[in-house]
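A.B. asks: With the hints as constraints, model all of the structure from the sequences given.
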Amino acid sequence: MNEHRLINFLLRSYVVLVFIFIFTPIAGSFVFSFNVDRFPSLPLGGFSLRWYEAIAADSSVWEAFRNSLVVGVVVSLVSTLLGFTAAYTDFRYHFFGKSIYMALALLPPTIPVVIMGLAMLAFLSRVGLSGDLHSVMISHIVMCTPFAMAVIRMRLAQMDANIEAAAWNLGASQWKAMRHVILPFAAPSIFSALFVTMAVSFDEFAVAWFVSGLNETVPVRILNTLQGQVSPTINAIGTIVFITTMTLVVVAQLLLMRRQKPTDA
Amino acid sequence: MSGAKPPMSAGVGKKTFRLPWYGLSLSMPILVWQLIFFVFPLAFLVAISFWIVRNYRMVPTFEWLNWSYMLSRGFFWDAYLHTLGMAAGATVLVSLVAFPCAYTIAFKFRESLKQLIVLLLVTPFFTSYLVRTYSWQVFLSDNGILNAAFGQFGLGPFPMLNSTFGTYVGYFTLCLPLVVLLQLFSLMYIDRSLIEAAHNLGCGRVRTVFQVVVPTARIGIVVAALFCFILTFGDFVSPLYLGGGQPPTLSTLITDTTKSGQQWPRAAVIATMMIVTLLITAFASISFAYRRRA
Amino acid sequence: MTQPLVVFDNVVKHFGSFQAVECMNLEIYEGEFVAIMGSSGCGKTTTLRMLAGLEKPSDGEIRLKGERINDLYSWERETPLVWQNLALFPFLNVIENVEFGLKMRGMAKAERRKKALHWLGRLDLEEFAERDISQLSGGQKQRVALARSLVTEPPILLLDEPLSALDANLSVRMQSVLTGLQKDLGITFVYVTHSQSEAFAMADRVVIMSRGRVEQIGSPQEVFREPHNRFVAEFVGGKNILTGSVTGFDDAGLVNLSSEHGEFQARLPDGKTVVPGDQVTVCLSAEHVDLCAQSSRPNRLACTVVGEEFIGSMVNIHLEAVGGLELQVQKMHADYDQLGIRSGQHVFAEWDAESALILRGE
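Note that the protein sequences, when read in sequence, are chains D, Z and C. Using this note's numbering, you'd call the opening residue of the first sequence number 1 and step up by one each time. Using this note's numbering, you'd call the opening residue of the second sequence number 1 and step up by one each time. Using this note's numbering, you'd call the opening residue of the third sequence number 1 and step up by one each time.
Treat the hints with care, since some could be wrong.
[What the hints assert, rightly or not] Under the rule of at most 30 Å between Cα atoms (straight-line distance), these lysine-lysine pairs were calculated in the BS3-like manner:
| id | chain 1 | residue 1 | chain 2 | residue 2 |
| --- | --- | --- | --- | --- |
| 1 | D | K98 | C | K56 |
| 2 | D | K176 | C | K103 |
| 3 | D | K176 | C | K115 |
| 4 | C | K109 | D | K176 |
| 5 | D | K176 | C | K65 |
No lab work stands behind these hints: they were computed from the structure.
C.D. replies: Next comes the structure, spelled out in structure tokens:
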């Protein structure tokens, strides 16, 4: 039995090591963002807000945040709407070629971002839509819709299919049933999808880098900083983005859990 | 009764065919959108691999010029084999490193702890991969955190940045949380009684893992590995910023060819080769995952 | 009676190659309690769903108040359904669930609240008006589902096995709630069930279906006393089936039959005629068979007692006659004790010729 406990101990330590590896860069960037040194090393330099002050004074960063926000809001609204319709179609209908339909709705995240970026750049510039924020929006909507669809589809899977038919039977047209039954039931997942898609869009750098032209979003700004003169402002931006996206995700999660409780029965 | 009368007049007494506007207006938008902005761009990408560039402008035509140019260049095949090798190596290594971790979480941890772990594993998806990469630069550089720590013991400095090791650190950063998560999901749904039955039949602990757990969770393990391959095969951040960019991978070739010149058709050739490679890998691994057990 | 409320006119429904309902003809009148019953897959639920507008007939016509409703969507007809799993809206509370139908019809908030409260009161649910659905017991949910369907005051209420999820006690109590409600409101109930006891206890008329076909329509008494065919006889239970060929008629109009088990007499149902040589199927109720050690009556069989089954104050005695024919006999417990017959003993089973009925539909 001792041998058994030793093995268990080793396995648990191993899990801890894996998590240390996963969280080292995240914690590191957080710590470095408050470090006075340009090239942090041991022993760590003193606490400083200079990198935050640097980005506060940098208009291109402000511009990037504004761009990311605009893109994020539009992308989250449109991709949640599209994701909802796809999820509902999958939930409600059976038709010939449905697997191809679903593949179209779900495949984009499996295409490497470089290829997506090149394809979107080539296509959008051909139809005269490239080099602007709306090209980032279009690309991100393609990439985010599957996430919205997955989140909402999981919620619809918990719905008794009879309650929609019950609404029709009680005099609700299909649109009224959608408004009064499907939407209220799916509401928590719709909110959740809004936040998740916004977070994904807020984080996406590769495709945005290809198609955005001169309109940098935050991750594109980071990528361009990485390519030029490396600066710990990246850590400060990263920390702000991390806190923003985590807040979005946690709010989404809380909404999902709070709304789910009374309807579990 | 008066206020509650349904519209009984519509269509009474005659056969009517009504277009399913409702279903169409809900199912068509995503189809149209994905056709225009997902299928067309990818198809267009393949198409422009047959176009040629004249006077810095792409001319629509159908020529094998770019294909014969790229496929006869040594640097392309070097990059192809390098990328394939790196991605395959990362897939195997990440899967091997992840499995004991996923196994321990699935079978040794309490339910509440499991939920926390799942939450923790999701967190990295919401931190910028670029920021994490930059953070690793600070840890791994010659004067960085790790070498300073080793220096305390009179060791090093070890060159870690701008090496294959650096690239792999980046690949692990990119894939490890996802692979652990996917393996974990497939392991969590294994029926415990199956394992107990194996023990009962005199199958040892280690043998149980290889004879019972791995085969049962095979689909999840293969899908996790496939995602790892897709991600690393297409990644240009780690090879460039942690691996030093030499030799180039296919993704760096694409970004260079696209961003620095007007040679989109050649980039399209590389991209098409990548898509074909990924399709073959995906089909092979999916059919392996769902293959009947002999 | 006047014009029927609902008419099924040669209605057919198939799903792909599967024939769910074949050639259904049924008239349902105002104020009637009709039960459609049969085992699972017999087409009873499909029939109900076609009436509710949730399935479209493949052929034939369904008329409500004389008007064809085949092409009306569910929300365009007034045929509320009480679902087997109730299908209450989990995100609405009790009164919001009840109000739903009125809201869909555009009734003003104050008015529909008043109506909903009235129906909650009628079903003893006022105190639960603001509760969540998940806080209710099975019986309470049942009544909410009823209130939700009745609040629009429809001419007809459809019920799809509404009691199948309740325990036996509650189910019997709900049966009286349902019959009481139906009599009070005077509206038509169409009730689908696989339970013969529910159907026979509540319905004015029962429709027995099997494999998509209507086997018999009639009052519970008619169906029990004069089953049309072997399927119905076996479905309602407590019946013995004998076969024989017609040899002639006696003065009282009874039919003489000959079979491998001997000579019998049996009664013809009204309107059925036979000629000598016809093969007929005879149905004999278990409670009309007498047992005795020595028999003098013309209709009798020598049997062996092979088993006894005690159900409350009744006892079912299983017999085997020469030639392997199985018979069942139902007696009061006390009467059976008096006979003093035990398993394995030889007895005569005998009956009046009037109790043996030639089946019309065979």
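A.B. asks: Hint by hint, note whether the structure agrees.
C.D. replies: Here is how each hint holds up against the structure:
no., hint, result
1, D:K98 x C:K56, "23 Å, holds"
2, D:K176 x C:K103, "10 Å, holds"
3, D:K176 x C:K115, "21 Å, holds"
4, C:K109 x D:K176, "17 Å, holds"
5, D:K176 x C:K65, "26 Å, holds"
The structure shown violates none of the earlier numbered hints.
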